[in-house]
Amino acid sequence: MKPLVSLLSLLLYLNPSLPYSLKNCTIDYSVNPTADVFLNCANRKLCTVPDDIPRDVSSIKLDNNIIEKINRDDFSNLSKLKSLYLQINWISHVDDGSFIDLGALTVLEMSGNYLTNLTANLFQGLSSLTVLSLRWNEVQFIHTLAFQSLTSLQTVILLSNQLQQISDIQPLLQLPHLQKLNIIDNQFTSFDTKDLLNMSSSLKVLYVSSEKLKTFSISTPVFPQLETINLCQINSGTFVRWDVPDKTLLKSITQLLISNTWIPFEEIQNVLQSLESLIHLKLSYMDEWIVKGLLETVCKIQTLTSLDLSHSNVTNLSAKLVTCSQLSDLDLSNTHMTELPKGSILSLKRLRFMTVKTNSLTKVPDDIRSLSSLEILNLSDNLISELGCDDFTNTTHLIELYLNMNNIVNLHRCVLEKLNDLKVLDMSNNLLRTFGGAFKITLQKLEFLNLRGNSVSFFEKGDFQGLGSLKHLDVTNIEKIRPGAFDGLVKLESLRISVPPKLYYNYSALQQLKSYHFDFPYEVSTNTIYTMKYLESFTAENIYVSAPNGFTFHYHTHLKNLTIRQTDMSDLDPMLFETIPNLQVLDFSNCYLKSLDFLVKARPPALRFLNLSNNELTVINETVFQSLPALTHLDLGNNPFTCDCSNAGFIQWVMSNAQTQVVNAHQYTCSFPVAQQGRKLLEFNTESCWMDVSFICFISSTCLVVLALLSSFIYHFLRWQLSYGFYLFLAFLYDSRKKKKGTPHQFDAFVSYNVHDEAWVYREMLPVLEEEQGWRLCLHHRDFQPGKPIMENITDAIYSSKKTICVISRRYLQSDWCSREIQMASFRLFDEQKDVLILLFLEEIPTQQMSPYYRMRKLVKRRTYLSWPQAGQHTGVFWQNVQRALETGNTPDDTNLLSGPTDC
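In terms of mature numbering (1 follows the signal peptide of the UniProt record, and there is no 0), the sequence shown is residues -19 to -1, 1 to 885.
Note that these hints are calculated values from the structure, not bench results. From a predicted model like this one, the values you see are computed outputs, not experimental measurements. Errors might be hidden in some of the hints.
What the hints assert, rightly or not - With a straight-line Cα cutoff of 35 Å, these simulated DSBU-like cross-link-like pairs (lysine-lysine) come out: (1) Lys421 to Lys404; (2) Lys452 to Lys514; (3) Lys404 to Lys344; (4) Lys263 to Lys195; (5) Lys421 to Lys301; (6) Lys426 to Lys472; (7) Lys263 to Lys399; (8) Lys228 to Lys185; (9) Lys344 to Lys193; (10) Lys161 to Lys63; (11) Lys472 to Lys514; (12) Lys344 to Lys63; (13) Lys404 to Lys323; (14) Lys442 to Lys404.
As the list claims (entries may be wrong) - Restraint-style ranges between C-beta atoms, simulated for each label pair: (15) Glu597 to Gln129: 55 to 61 Å; (16) Glu192 to Phe122: 17 to 23 Å; (17) Ile677 to Pro621: 56 to 62 Å; (18) Arg222 to Asn45: 38 to 44 Å; (19) Gln206 to Lys175: 16 to 22 Å; (20) Ile677 to Asn58: 16 to 22 Å; (21) Asn294 to Asn251: 48 to 54 Å; (22) Gln129 to Asn251: 38 to 44 Å; (23) Asp77 to Ile357: 55 to 61 Å; (24) Ser354 to Glu277: 21 to 27 Å; (25) Thr304 to Ser200: 44 to 50 Å; (26) Thr304 to Ala490: 27 to 33 Å.
For every residue, glycine included, the Cβ atom is placed at its ideal position computed from N, Cα and C.
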């Protein structure tokens, strides 16, 4: 029930307005789903600002690209943007008003570009900006109104530009809340407050120095609140004259940092003597002045508590600090020191923080043991090989001790037994072979212990018995762990360890252990993992030979982060995830995975971050992600994708889904097929993939088969009906034409007959109808116009005659032309509603052998038909009936002139 509630809460916070198929950027993953949106577009070789920036973004990184210009609309509508990083580009121009919509912006970083002029409206709209960094540009000109809208600005960095004179910074000093200004390494030859208008600035921190600077003078009360002056030169030192005639003008100075800057000895003495409120002083690369006795003046500053002498190469440097008893913070790192002479810092009883790192000390200085107020001691990166029992005898208030990167071989119990307040101990990268019981009864407040990179080969029972408050432990190269070795670590939360293969240890005593990082190149024992029931994070790099079995995390219901890298996980069992319902982060990068099927079966409900980069995935089935309802961050980089239709669904999912960000998806490249190698995966055209070729072939073949069957059916059963319809249509066209012309009838009747019946026509019909009765008949062999299309001759003959006589025989019914003639006559019958058709049957023909056109005729008008065979010897009556038919009027009411064969 609890995972379900968490999932529902997560889904409520998901912002559907964020576009996740970003072309050139990624949204940084955050453990908190409601956290601000951080967009990373750095190191992408971008020439312009991306046009698909989410509107809800609060931070954008565009550094290390090749952008040359900022356009007016590049950052429009980004009302929630708080931080914008544009450093290390080629920006030489910014349109006025480019930042006008960034009312919430507090940090603008534009270092490492090619800006030359700061125009009046360049920063328009940045009313909330507090930090502006323009270091490493080529700024030569600042308009007097350039900063007028920056009413909240507190920090301005103009280091390494081309400003020529101090008056150039006048617009900055007029800002009401300005506190820090860095103008180091510009082209000033003089910094004199007389060159500024008579005003009072709120500035508290001033960084100013350059190779060309010759004079530094504060002669007017322009900086009444100034607390820090930094004269640290970046390159080789130059001589600078310091002129402060009135020491009250420096009454607020608490920090002075001088490095690589050569101020005349007498002047720097006078300066130091005039700083009545000085607390922190840095004097780096000031060897000549220290040798001359500058530290004597320094030690007389009663307010001074912090002294930084790093990077000073002076013999017996520490001996010159005897009178600096007021110090609480001393930095002697990188001073080429081989020893700290006894008694040299004995007087520094107030010392709380001391750094002597990166020197050549061979032992802990004797004076350390007398510094009872010491809280932080850094002796890292020296040559210390042995620790004595008295080294930290009196440093009972020590909280942090750094002894890493030395040559310490042995650790005795007595060395640390007095450090009851110690919380951080770093002894990494030494040569330790044994702990000597140092952690058995002492250091009860220790919270962080780093023992990586030593030579301790095994842990004995109770080795960490005294570390009841320890939360973080980091150890490596352990060959054997005795039972009970971690007894006493009841508050341990994070363990980073390297142990040999199949080494079993029962971690059940570590009931608070939440993070376990295992990075030794051998497989960790499953039984060992079983005992860590309260784990929240597990990391194993180059550990397993094959995927861990499905029961590895059977008892780890609290596990949230699981990372297994550089392991062959191709045979992964989905059961691995069954008992870790709270899993939120899964990293299986570089694990030889070829399929994501395990996710379909595992279905981790709370998984939000999934890293499967550097595997062997070629085809991704987008339906896999339906089993990951909470997924917001997916990394599939450096996989050998196949660019064909098998990935079409995945490509569409990447481009359209509104929940999961596929990191750098637009940079995924094709590996297969060979012809597509090097192309971008998302540039593959998926439109053709939605047409199923096999389905199209099936439909096409089906249509062809149906068409063939239909054609056969029509040919055998409907060809006459279709033919009739076609010629009916042609007759309609001709009929319309004749009506328009209004042509009178030239013939009394058109005789339609088959050539085989021509003898009967000439022998029987013509003598009676033409010679005896006087009718004018139209015969095709006699009256058709030569050269004219046959169909047109037939149509003209039918419409030029009052009647059409069809002499029907079996051969007549089999003739195409005869059929067309009766079709035309039939259409005229239908169209004009006139009895213009006379049928004469020369033979007895059964009804089933009749043409479809004749059957049509019987359905419309069952009259005006004569039978020659039935006439017999009464041919005279037959011809009289024909005469009557020819004489009959054309109205449909003139019926029953002939009653068929019975009247013959």
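Each hint tested on the structure:
| no. | hint | verdict |
| --- | --- | --- |
| 1 | Lys421 to Lys404 | holds, 15 Å |
| 2 | Lys452 to Lys514 | holds, 17 Å |
| 3 | Lys404 to Lys344 | holds, 22 Å |
| 4 | Lys263 to Lys195 | holds, 20 Å |
| 5 | Lys421 to Lys301 | violated, 41 Å |
| 6 | Lys426 to Lys472 | holds, 11 Å |
| 7 | Lys263 to Lys399 | holds, 33 Å |
| 8 | Lys228 to Lys185 | holds, 17 Å |
| 9 | Lys344 to Lys193 | violated, 44 Å |
| 10 | Lys161 to Lys63 | holds, 20 Å |
| 11 | Lys472 to Lys514 | holds, 14 Å |
| 12 | Lys344 to Lys63 | violated, 50 Å |
| 13 | Lys404 to Lys323 | holds, 28 Å |
| 14 | Lys442 to Lys404 | holds, 23 Å |
| 15 | Glu597 to Gln129: 55 to 61 Å | holds, 59 Å |
| 16 | Glu192 to Phe122: 17 to 23 Å | holds, 21 Å |
| 17 | Ile677 to Pro621: 56 to 62 Å | violated, 30 Å |
| 18 | Arg222 to Asn45: 38 to 44 Å | holds, 40 Å |
| 19 | Gln206 to Lys175: 16 to 22 Å | holds, 19 Å |
| 20 | Ile677 to Asn58: 16 to 22 Å | violated, 46 Å |
| 21 | Asn294 to Asn251: 48 to 54 Å | violated, 26 Å |
| 22 | Gln129 to Asn251: 38 to 44 Å | holds, 39 Å |
| 23 | Asp77 to Ile357: 55 to 61 Å | violated, 50 Å |
| 24 | Ser354 to Glu277: 21 to 27 Å | holds, 24 Å |
| 25 | Thr304 to Ser200: 44 to 50 Å | violated, 32 Å |
| 26 | Thr304 to Ala490: 27 to 33 Å | violated, 53 Å |
Against the hints set out earlier in the document, violations occur for numbers 5, 9, 12, 17, 20, 21, 23, 25 and 26.
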